[in-house]
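S.K.: Chain residues, written in single-letter form:
8 protein chains.
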Amino acid sequence: MKPSVGIIMGSDSDLSVMSEAAKILDKFEISYELTIVSAHRTPDRMYDYAKAAHDRGIKVIIAGAGGAAHLPGMTAALTSIPVIGVPIKTSTLSGVDSLYSICQMPPGIPVATVAINGAQNAGILAAQIIGAFDEAIYDRVNAFKSELKETVEKKAENLEDIKFSAYLKNMNK
Amino acid sequence: MKPSVGIIMGSDSDLSVMSEAAKILDKFEISYELTIVSAHRTPDRMYDYAKAAHDRGIKVIIAGAGGAAHLPGMTAALTSIPVIGVPIKTSTLSGVDSLYSICQMPPGIPVATVAINGAQNAGILAAQIIGAFDEAIYDRVNAFKSELKETVEKKAENLEDIKFSAYLKNMNK
Amino acid sequence: MKPSVGIIMGSDSDLSVMSEAAKILDKFEISYELTIVSAHRTPDRMYDYAKAAHDRGIKVIIAGAGGAAHLPGMTAALTSIPVIGVPIKTSTLSGVDSLYSICQMPPGIPVATVAINGAQNAGILAAQIIGAFDEAIYDRVNAFKSELKETVEKKAENLEDIKFSAYLKNMNK
Amino acid sequence: MKPSVGIIMGSDSDLSVMSEAAKILDKFEISYELTIVSAHRTPDRMYDYAKAAHDRGIKVIIAGAGGAAHLPGMTAALTSIPVIGVPIKTSTLSGVDSLYSICQMPPGIPVATVAINGAQNAGILAAQIIGAFDEAIYDRVNAFKSELKETVEKKAENLEDIKFSAYLKNMNK
Amino acid sequence: MKPSVGIIMGSDSDLSVMSEAAKILDKFEISYELTIVSAHRTPDRMYDYAKAAHDRGIKVIIAGAGGAAHLPGMTAALTSIPVIGVPIKTSTLSGVDSLYSICQMPPGIPVATVAINGAQNAGILAAQIIGAFDEAIYDRVNAFKSELKETVEKKAENLEDIKFSAYLKNMNK
Amino acid sequence: MKPSVGIIMGSDSDLSVMSEAAKILDKFEISYELTIVSAHRTPDRMYDYAKAAHDRGIKVIIAGAGGAAHLPGMTAALTSIPVIGVPIKTSTLSGVDSLYSICQMPPGIPVATVAINGAQNAGILAAQIIGAFDEAIYDRVNAFKSELKETVEKKAENLEDIKFSAYLKNMNK
Amino acid sequence: MKPSVGIIMGSDSDLSVMSEAAKILDKFEISYELTIVSAHRTPDRMYDYAKAAHDRGIKVIIAGAGGAAHLPGMTAALTSIPVIGVPIKTSTLSGVDSLYSICQMPPGIPVATVAINGAQNAGILAAQIIGAFDEAIYDRVNAFKSELKETVEKKAENLEDIKFSAYLKNMNK
Amino acid sequence: MKPSVGIIMGSDSDLSVMSEAAKILDKFEISYELTIVSAHRTPDRMYDYAKAAHDRGIKVIIAGAGGAAHLPGMTAALTSIPVIGVPIKTSTLSGVDSLYSICQMPPGIPVATVAINGAQNAGILAAQIIGAFDEAIYDRVNAFKSELKETVEKKAENLEDIKFSAYLKNMNK
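Protein chains in written order, with the numbering used here: chain G, 1 to 173; chain U, 174 to 346; chain Y, 347 to 519; chain V, 520 to 692; chain S, 693 to 865; chain A, 866 to 1038; chain C, 1039 to 1211; chain Z, 1212 to 1384.
These are calculated hints, taken from the structure and not from any lab test. Note that CB positions come from ideal geometry on N, CA and C, so glycine has one too. Errors might be hidden in some of the hints.
What the hints assert, rightly or not - If we take Cβ atoms under 7 angstroms as the criterion, some of the chain C residues that face chain V in the derived model are:
(1) A1106
(2) G1111
(3) M1112
(4) L1116
(5) S1139
(6) M1143
(7) I1147
Isolated chain G (complex conformation) (with noise of 0.2 angstroms):
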């Protein structure tokens, strides 16, 4: 199947961050690709990536990066399909280098922007961009959230029932 969402990251580094993306769409199963492009050290890759992107089918780019992060913007530079920033925490500076080089694009070239290590919310903002146009998707984001509702309640629940000292013991259990 062609895949609908390309999912690429600066280093393998990212990988562990990254594949939270992957995860949840095989979960709303959306087919997607995932590759490692680098900016800085394979700029060829990054063009010839981006520029395809489109003509290949993919609706939707996530790209995750650290740092002086530009992997995200300069493949938004490179395309229109929309691309979902994921700033990478650095062992630095936490990250926020990631996120403001990620986030603060200039008038004419958006990157969608989630939080730092956020992969997973790319993901399903990737399924809500497909579900915007897909009722079948919106619905499979819908029943997701239902379920995060739910595990929530469930907790609420349990920890009512019990003294709180009790619950914590659980969890560290």
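With chain G fixed as given, assemble chains U, Y, V, S, A, C and Z onto it according to the hints.
M.R.: Then chains U, Y, V, S, A, C and Z, alone, in the frame of chain G:
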């Protein structure tokens, strides 16, 4: 014509910024509605707006807010259509408070955050989201990016032709 | 006994911090309830909780949340009883995001914000609010502050009596 | 009438901000006193003020200060009635210094911190604290919030009726 | 004369800052070219410019950009000649966003970052780089630094001679 | 009279701030000298100044600088008399850069840092240091603090006597 | 022997940091006392301590505190002897809160602020202050700085003699 | 062989970071020297080192320092050869203090600042500076960048071939 995009903001003091989203959607000939919805002063209005949006045919919501900016995130909590957040610059913290309040959403509920005061980019992103499934809109975004390119190229040519001091003088005229 | 204080938090991962509020209220013999209410995952539950609180006799709500922490501010938007906000420390931004999201409320809807992870202080503040009209509670807060004073004075005496290196060794035992 | 709320500030340069607290208390018909108490220039005055407040019938203290803002926290150290802190915006650090100095109190001594320059909200919070035990005041806060809601709704209606460019022009008149 | 230094900037709004680099190179009699190259609006132009620079005889590139400032880092990714980055001050984040986006480059692709708005220093640094292998240029930089020294010494002498209040009055004339 | 305090600054653009240190020393009748010493433009001058200070009878040095503010720390490295550092507010980073550059000295070489633009306080601190061994100076500092107290008390009295709106009007006259 | 320096801290959890001040004073053979004084938990004790210090012969006070760190500034408000402030690193804001709370004092009441956790430097600064009027102490500080110099020079020599990889191995032994 | 690059650092605690600069210069077969020069503990050594560097044939200096990091800027003040600054990560402020102290140099004295802990990039930048006039070195930098590209491409190929969960497992082996 039924609006495809809902533009909402927490206060009419955000209108001079947020109207940039409307202007660019006008340019792309995408229908929209624009109104004031305050998360804190009109929470019921926000609930009703967000919950009804999908059934009313809205494809994307653009929400702008400043300070403890809860409107984009709460709207995203109440609907499954994509929500774009515009952090409004604040007089005390320059919009870093708005940015963090909008961007740092928990797993499950993404907001597509653009730059501080980046309302024009929010409009372009909405167009790109619709353009992912509507080639006519995609082509308009593409054409807009070509215009941007040509404007830069013309300015560059001009700057290369004349001394920079002359160029600066022309700018200040 | 009907609870006077409602302690709510966005996720059970906040419980180890937020339980400090409960512990100090236990010490002050102030009745409370404690549960999970997520602004983003259970917005309807939050609406119902906040809107019913006053009629159920709740005098003060303590709300803890992290990241784009909307629970305290939204609760404050939905009730007119005082809301105390506890910014939870986050792994990426250390709770500065939580602090700004809770503290920087717009004119009209205040949240009484305490320190990052300051749940014990939230409990004391709730007691002080109740104590403003209940001398017995006021006296308990006063007594608690005297205890704090005496603990410091005893430690100071001890530190003055022995060499600081000995004191440090005792601390690390 | 004996004042229920004490409004103090570190310097008369804070008065234009802090008077917003007084104005809203006037609106709620809550009696207050307002004066200057500097933690650093009049520490004895601060001690006397804070220690006498409870016996003088003060229910809540609102304290505003900027920079190394010690007035709210020291007042809270010297009394057991609730203290609301207003971080004043500073010319160098925009009030982040004030916010941290007021909010980050150690376990045992809370300050109910509002937004930078949020003196109006400090007044509303004081009213909510009193309203927790005085239904008449509670109702006035409730009515005030309804007014806020109606103001937003009227503006929203107006904005929906006319083109946003017309609305902007009216604003700038 | 073939230019030794290429000065590029993301927008002509950066020209008033970036022209300082040109002025100091004029003073050092180092040939340069100056133009607009936008990473986001003219990505192909940036590729062509950066890839051709070495063969065209450019020794150093000075690149200025603001916000999510990708121009210096992407240029550095596309050439092996040294790239000096000038973070432009922004209206919302004062250039901290530009600084992080330019400075925090990943291993392998350095950008020589100067101070926010430090375009004159970028020009001096370019001269120092050329001066590392060209003694005439080295001597000019040296002479320039002597001038700076003498200017400070003359001002110091003047300030020591007259009362500081007189000096301040002279400055404000 | 031989000066007891040396006031130095990196540039005459710092003079309007740094002259506050001189004015307060005038008030305390403490002799001082005031001049320009740039760490970066006149490093030899700085060496000579700092190394000779003790033998010339200087008891305390006050050094003001902005941005990458090296003058206070380097002066402290070159002498063993106490050095007070004044971080000058900068146009881009508001003096946070100056503050960090002055305050975060490594073990072995302290700088007594005051607030951003806190030159008056630097003068008072110098007086307090001299006053530690000179009771006449100590008494003058004490008297100055009494004056501060009385000024606040008079303003407080005035504010308590008239309505705050009248007080504000008087301030703006 | 009557102490010349008073070392105080807000909590015994600050002792492992603050003891560095004591150790260096021991090295300089300067008498000191060391105890716990909490601005917030023992405000009366702080008043008494600060007000009595001068008459008890204390020449300098070193005060360490974290978070909303009011101890140094309040002590400075209550005495006219010089106060050195040590901002203690905090678990949430890394001591930026402590730094701002200590450093950003208003005109009239300076605190001589050292680096975050810079207690050793606080001790050295106290020695320098005493050394300004006591040549024997001045000479000891001078000698200490020579030791520092020699330590660095020896390490440098060693590093130049052996390969850096060998040096690193020796460090990790 | 006479060294072309001088690598200096403020303390041997910076060696594990700074040795990355040496390793990459080894790879490029560029001669260097490496030693410890502390701006604050050995200011005379720093003066001598910086002033002699040009005559000793040094083409570029790489200087690493942390906190109030004055070594790169002071070295740049004392020589006219290019100075590359490496801000070392600090335990309290994560290297933001180092970054500001190194980067925010005043007009006239630039430091070529790389990322926090970016010593490898400092080495590459030094090679690029030398490569601007030495084609053999230029070619080695070019070859190194090709290697980087190929490494990424191989990893990308591998990641595309196997499931990401398998790739992650291999990484953690």
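S.K.: Each hint: holds or not?
M.R.: Results of checking the hints against the structure:
Interface restraint check for A1106(C): the shortest CB-CB distance to chain V comes to about 4 angstroms, inside 7 angstroms, so the restraint holds. Proximity of G1111(C) to chain V holds as hinted, the smallest CB-CB distance being about 5 angstroms (cut-off 7 angstroms). Below 7 angstroms, beta-carbon pairs count as interface contacts, and M1112(C) has one with chain V at about 6 angstroms; its hint therefore holds. The beta carbon of L1116(C) is positioned within 7 angstroms of a beta carbon in chain V (closest approach about 6 angstroms), and the interface hint is therefore held.
For S1139(C), the shortest C-beta to C-beta distance to chain V is roughly 4 angstroms, which falls under 7 angstroms, so the interface hint holds. At a threshold of 7 angstroms, the smallest CB-CB gap from M1143(C) to chain V is about 5 angstroms, leaving the interface hint in force. Taken as an interface hint, I1147(C) checks out: its beta carbon lies about 4 angstroms from the nearest beta carbon of chain V, inside 7 angstroms.
Comparing the model with each earlier hint shows no violations; every hint is respected.
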